[in-house]
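Participant: Below, each chain spelled out in residue letters.
There are 4 protein chains.
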Amino acid sequence: MELTRKIVDGEYGSVPIAVAGVSGYAGAELARLLLHHPRLKFSRPVFYGRAGEMQSTSLTDLHPQLATHDGPIDPVHPFDWDDLVERGTNILFLALPHEQSRKWAPEALARGIRVVDLSGAWRLQQDDLRAVYKLEDVDPVLARELQAEAIFGAPELHRNKIATARLVANPGCYSTSIILALAPLLQAGIVDIDHGIICDAKSGVSGAGKAATAKTHFMYAADNLSAYNVFGHRHTGELLEQLHLDASQIQFTPHLLPIPRGILSTIYLRLKEVTTPDAVAVLLRDFYKDSPLVRIHATPALPQIQHVVRTNFCDLGFELAKDGKRLVLVSCLDNLLKGAAGQAVQNMNLMCGWPEAEGLL
Amino acid sequence: MELTRKIVDGEYGSVPIAVAGVSGYAGAELARLLLHHPRLKFSRPVFYGRAGEMQSTSLTDLHPQLATHDGPIDPVHPFDWDDLVERGTNILFLALPHEQSRKWAPEALARGIRVVDLSGAWRLQQDDLRAVYKLEDVDPVLARELQAEAIFGAPELHRNKIATARLVANPGCYSTSIILALAPLLQAGIVDIDHGIICDAKSGVSGAGKAATAKTHFMYAADNLSAYNVFGHRHTGELLEQLHLDASQIQFTPHLLPIPRGILSTIYLRLKEVTTPDAVAVLLRDFYKDSPLVRIHATPALPQIQHVVRTNFCDLGFELAKDGKRLVLVSCLDNLLKGAAGQAVQNMNLMCGWPEAEGLL
Amino acid sequence: MELTRKIVDGEYGSVPIAVAGVSGYAGAELARLLLHHPRLKFSRPVFYGRAGEMQSTSLTDLHPQLATHDGPIDPVHPFDWDDLVERGTNILFLALPHEQSRKWAPEALARGIRVVDLSGAWRLQQDDLRAVYKLEDVDPVLARELQAEAIFGAPELHRNKIATARLVANPGCYSTSIILALAPLLQAGIVDIDHGIICDAKSGVSGAGKAATAKTHFMYAADNLSAYNVFGHRHTGELLEQLHLDASQIQFTPHLLPIPRGILSTIYLRLKEVTTPDAVAVLLRDFYKDSPLVRIHATPALPQIQHVVRTNFCDLGFELAKDGKRLVLVSCLDNLLKGAAGQAVQNMNLMCGWPEAEGLL
Amino acid sequence: MELTRKIVDGEYGSVPIAVAGVSGYAGAELARLLLHHPRLKFSRPVFYGRAGEMQSTSLTDLHPQLATHDGPIDPVHPFDWDDLVERGTNILFLALPHEQSRKWAPEALARGIRVVDLSGAWRLQQDDLRAVYKLEDVDPVLARELQAEAIFGAPELHRNKIATARLVANPGCYSTSIILALAPLLQAGIVDIDHGIICDAKSGVSGAGKAATAKTHFMYAADNLSAYNVFGHRHTGELLEQLHLDASQIQFTPHLLPIPRGILSTIYLRLKEVTTPDAVAVLLRDFYKDSPLVRIHATPALPQIQHVVRTNFCDLGFELAKDGKRLVLVSCLDNLLKGAAGQAVQNMNLMCGWPEAEGLL
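Residue numbers (the working numbering), protein chains in the order written: chain A, 1 to 361; chain B, 1 to 361; chain C, 1 to 361; chain D, 1 to 361.
Simulated from the structure, these hints should not be mistaken for lab results. It is possible that some hints are incorrect.
Identical chains share a label here; the pair holds if one copy fits it or two copies do between them.
[Claimed, not checked] Distance condition first, Cα-Cα at most 35 Å in a straight line; then the derived DSBU-like pairs of lysine-lysine: (1) Lys41 to Lys210; (2) Lys41 to Lys289; (3) Lys161 to Lys289; (4) Lys289 to Lys134; (5) Lys325 to Lys103; (6) Lys41 to Lys322; (7) Lys272 to Lys325; (8) Lys322 to Lys210; (9) Lys322 to Lys272; (10) Lys134 to Lys41; (11) Lys322 to Lys289; (12) Lys41 to Lys161; (13) Lys325 to Lys215; (14) Lys41 to Lys325; (15) Lys215 to Lys103; (16) Lys134 to Lys161; (17) Lys325 to Lys134; (18) Lys289 to Lys272.
Make a model of the complete structure from these sequences and hints.
Facilitator: If you want it as structure tokens, here you go:
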């Protein structure tokens, strides 16, 4: 990380960035991405703990893999709004439990700080869908306004709105994998949505978070596979809103894979009309022609988890039955990167007017 | 494991059993089950290699985990029909490539030896479905007769026919998991089969066999998940024939899991009429009330791979959507046991008139 | 595996066995072994929870893999001394935290019930070594007497004493693997003990117990390896006492492997005199010639974890340097079986006068 | 990888770099590192296949994880000396079998191309140690000269010589982990080398290469641990030469871990004099004070594989017994990075006069 280059005027100005909540898995990846981000070389991000974590610590203490030769790197400060304001913070990432994000996002906006929220707190516009998060608002009127203003942070769908947004709700990991696979086909109107779409998704254990529970115990997860939340996983709401479907039109069942990270979603649907693999390929490629973080596999190659892990890509592939109507889509991503921290940085890039994939390739 | 039977003279008489092909993973499990089988205590099974494996070896050399304190256990002889006949072999297990099974089964039957074939050679009655195996028959007329006579070795479906069969075609691992889940519902006529049934199946690596290939390399399989044979896996034919469906009514897509063994199939279907979880549970329990190797999970518990690995059970569970029509079945088994060697022994038990689960609990 | 015994009246009489504490991993294996034990077919063991676990449950609720077709198997009762006494309990397994075992063993003995304790509570005779467990005795005088009476339950070393013991302290998993490898050589007096013996041991995660902690989290253990307790793991005391060494003569460092179960210990030592591989092999084979649960590998084959997992064996192998003096021993076992539940049943067999390996092959 | 920055004069000149052999695991990492190397932004490396691989392919075909949104990236050309010369190649990485490297390095040097060889072909100066590789030289006189000229590419030990070397022999993965741990202590003369040093090393499966063999089969490696080459692994020669020890003074036994990548070496030794943990820590820190790719852990923290995987660091830690003389060192690295491709790039950096860790942090 020798930084011997001269600063070319204006090339990398100072953009004060802060992160609240870096103790989790997505937090670690977010820190890593920001510390290596070429636009932040001369404007190092500032890290804060969660509310109530009053002791200072360091990134290295939390995540030893991030250490340098010279020992503990960046401090992790107790959270402090005054400190944030003083530093002129421009964008604040919230990598917090959703209850806390729901409280803190308004606080940040009130101080003129833009927010990228990695939780589920602001993703859903419909109250009944959002109810699954059991959120309580201090100021319900304000919260309603902010909710309406919040942009769902899927850059491939809402690139322009994100660029100017004050509050970006970073999508769920499962939902990202499914939405990116389905959006092109649904927008093209070729899916028989009334037949119903089946999304069988499988995720590595990091998706379950850092809390030590019976289900994150090595002995539970290793050499195992289990389905859970067969109907009603809370990411379902994102599918409904972003894909404009109702609950009878799409089914999503997640499974817990015995691997650290990665999601593979296998999606089964019927097309309205007989079509060809080429036509589907063209449709996908065209939809994502300007999306540097989506890779379309040429049939018959299909995405695999090992090809996306530790990358910021979402990989898409498909196979069409000989009848020309039954389509199987396969979508892969790293749940901590394109499914969380990588997508959050992608949103930051857009919000700063930088190239979307800067620091992510 | 309740063994309340009285032990009577001659009950454990001599039943000459032989196995051809014990070098693979299913072969190892078959050897282990037979060596521990209570009815074979005084009639040790005899093991043979594949055609062309002319050197004698021992089970221990092939599978060190089977060794005893006293060193190499049972020899594995070069295959020899005369030897088989001399020993008065009653039942011969074929754990061989399907091409070889297709040739050897007629040879065995001609010598009065009953066969349990673990390959795909004899499972399919329809020529067009069986074509996927590219089998060549020395005597096509005889092969056609034997094919017609062959019984699909799913004890839960064909218990009585298996008991008297000369040639039992042990089912595929994937197909066992799917057929056992669907048979009760399809036989009850409650499934909307024209809507289509989706079977998303996931299997451990032992299902891919012992050959060292790019796909069985640790670096390919570990920390990965991949879909393959999205349409047209060769076990599909078994689903069609056993479940009396046509190819448009059922879709089956397998995935390779980063675990040694175990299959989990997630099956999505619609019911013709609104029903209740209780009604589905009753239907499943009733169907399998006399099947000691099927376990029905009480909703909301679902089967998991870790609960069936190293057992001879197939575990079934389900969840019904609130609409009472969309049903998700989850079926788990150990692909080497209930999906191969365990089911083969279950078939042997039936063929010998012994309790179906003898030596399998 | 050969069961040539005649089955005679009364052979399988009633032997009331009970287990306290079946909720853990070793408890599950203990239950499984006892339920399948041929001598207990007509005398089913009784299962109890830990102190304070007042609610009845079932083995199936705790360990779904143990279920039968007919649903929940054996109940797990709240612990109750009166119930134990009423049932005429002969042997009680304690699969409990060591503090609890230290309290309950005297209680059982006072009621005429023999004890096999799977914890570390009674393994060490020297107070200073046992201090690591921070045990408190209600009646220190009695505890001292019982401690002196307790037999270290390594059947290969103390077979005869175990047969008549009232209190058997089942050895630690790491210690079993190391003691069985070293005992023959040390007893033969051929090891240069003053040079120092290095034991580099590696264990699967089940050894860390069922509690969900930061270190048993899948994300910590998977794809990882870490050394811990480099000096001073509490199993060290067992090595010192059983092998008659002092702390300067043996070093033992454990590592956490990313696998569910299995221990491999690599042991480095120097011999006093130049010797040959054959001489070492003869010495090991001779020492274990009557030990059905120890398998000696013929050089150059070495034990591997996959060959002992789910077996009750300890596998031993070695390689001798060309100098004839530097010896590397490799010892493998399943930490839940030969390292815990399997060895406990082996002890029970001896205490009942049954063949040592009954129900364990 | 948006490259919108202006080129500051002279900052990143053109440095023609080529790689021969990118189909393996280390080749993939080498390609990735070079493609992201800041000094090579305007001078993209050129990739060639092995001898005999005559078909052009692409990095993406070989390693789909390296693909970009825009599809297949860099071509992989059939190997061609003329092409290399025409491009003015400055440094050639050889990621080839050692037999091929032994032949090609002289060819490259004869054409004025400097070589970083990742195989074992040029690492050992002593003929008897190198004999393990069974190398044949076309021109033995020249080979002897080049061997004498070859520099062992451990930057932390031979930084200055590497800078001007024509032929750098990149160290083995195991040897790197052990040499970096021991060099500071041995150079300080505080180790009782006559007592003997024990190196118990454990490596992930990628160390065994990409060839599909019985030992790289998922079913062999998964859920397993095995020792191999107990005495006489071919990396031992590097330890002897680099650490100036004879074969009686150091023992090195490798084990195969069930993980994709990472090495942990546990090293046991005795010090000549009683010392303190602080003194050891100071010694290590001082030795590596200018080595940006070595991280020293503060006792009692020890390195773990998960903290070095996907990094270019070697992590070192230790624990000293209370007697002040028995020392256990723990050394971790990623066998494909600091143990192969990362160290190769570190060598390239030195050879080009760039900061040692450029592109590696």
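Participant: Each hint: holds or not?
Facilitator: Status of each hint after checking the structure:
For a Cα distance limit of 35 Å, the shortest separation of Lys41 from Lys210 inside one copy, 29 Å, qualifies, whereas the shortest one across copies, 38 Å, does not. Proximity of Lys41 and Lys289 under a CA criterion of 35 Å is satisfied in both settings, with 30 Å inside one chain copy and 24 Å between copies. Taking identical chains as interchangeable, the C-alpha atoms of Lys161 and Lys289 lie at most 35 Å apart only when both belong to the same chain, with a minimum of 19 Å there against 49 Å between chains. Neither within a single protomer nor between protomers do Lys289 and Lys134 lie at most 35 Å apart by alpha-carbon distance, with minima of 39 Å and 43 Å respectively.
Neither within a single protomer nor between protomers do Lys325 and Lys103 lie at most 35 Å apart by alpha-carbon distance, with minima of 47 Å and 40 Å respectively. For the homomeric pair Lys41 and Lys322, neither the shortest alpha-carbon distance inside one copy (52 Å) nor that between copies (45 Å) is at most 35 Å. For a Cα distance limit of 35 Å, the shortest separation of Lys272 from Lys325 qualifies both inside one copy, at 7 Å, and across copies, at 23 Å. Taking the closest pair of Cα atoms, Lys322 and Lys210 come within 35 Å of each other only across two copies (32 Å); inside a single copy the shortest separation is 44 Å, beyond that limit.
Both within a single protomer and between protomers do Lys322 and Lys272 lie at most 35 Å apart by alpha-carbon distance, with minima of 15 Å and 27 Å respectively. Proximity of Lys134 and Lys41 under a CA criterion of 35 Å is satisfied in neither setting, with 39 Å inside one chain copy and 49 Å between copies. Taking CA atoms no more than 35 Å apart as the test, Lys322 paired with Lys289 passes inside one copy only; the shortest distance there is 27 Å, against 40 Å between copies. Taking identical chains as interchangeable, the C-alpha atoms of Lys41 and Lys161 lie at most 35 Å apart whether they share a chain (27 Å) or sit on different chains (32 Å).
Proximity of Lys325 and Lys215 under a CA criterion of 35 Å is satisfied inter-copy only: 30 Å between copies versus 39 Å inside one chain copy. Within a single copy, Lys41 and Lys325 get their C-alpha atoms no closer than 50 Å, and across copies no closer than 45 Å, so neither meets the 35 Å cut-off. Within a single copy, Lys215 and Lys103 get their C-alpha atoms as close as 29 Å, and across copies as close as 32 Å, so both meet the 35 Å cut-off. With identical chains, the CA atoms of Lys134 and Lys161 are at most 35 Å apart within one copy only, with a shortest distance of 27 Å there and 57 Å across copies.
In this assembly of identical chains, Lys325 and Lys134 lie within 35 Å of each other by CA distance solely across copies; the values are 28 Å between and 40 Å within a copy. Proximity of Lys289 to Lys272 under the C-alpha cut-off of 35 Å is restricted to the intra-copy arrangement: shortest distance 24 Å within a copy versus 42 Å between copies.
When held up to the earlier numbered hints, the structure conflicts with 4, 5, 6, 10, 14 and fits the remainder.
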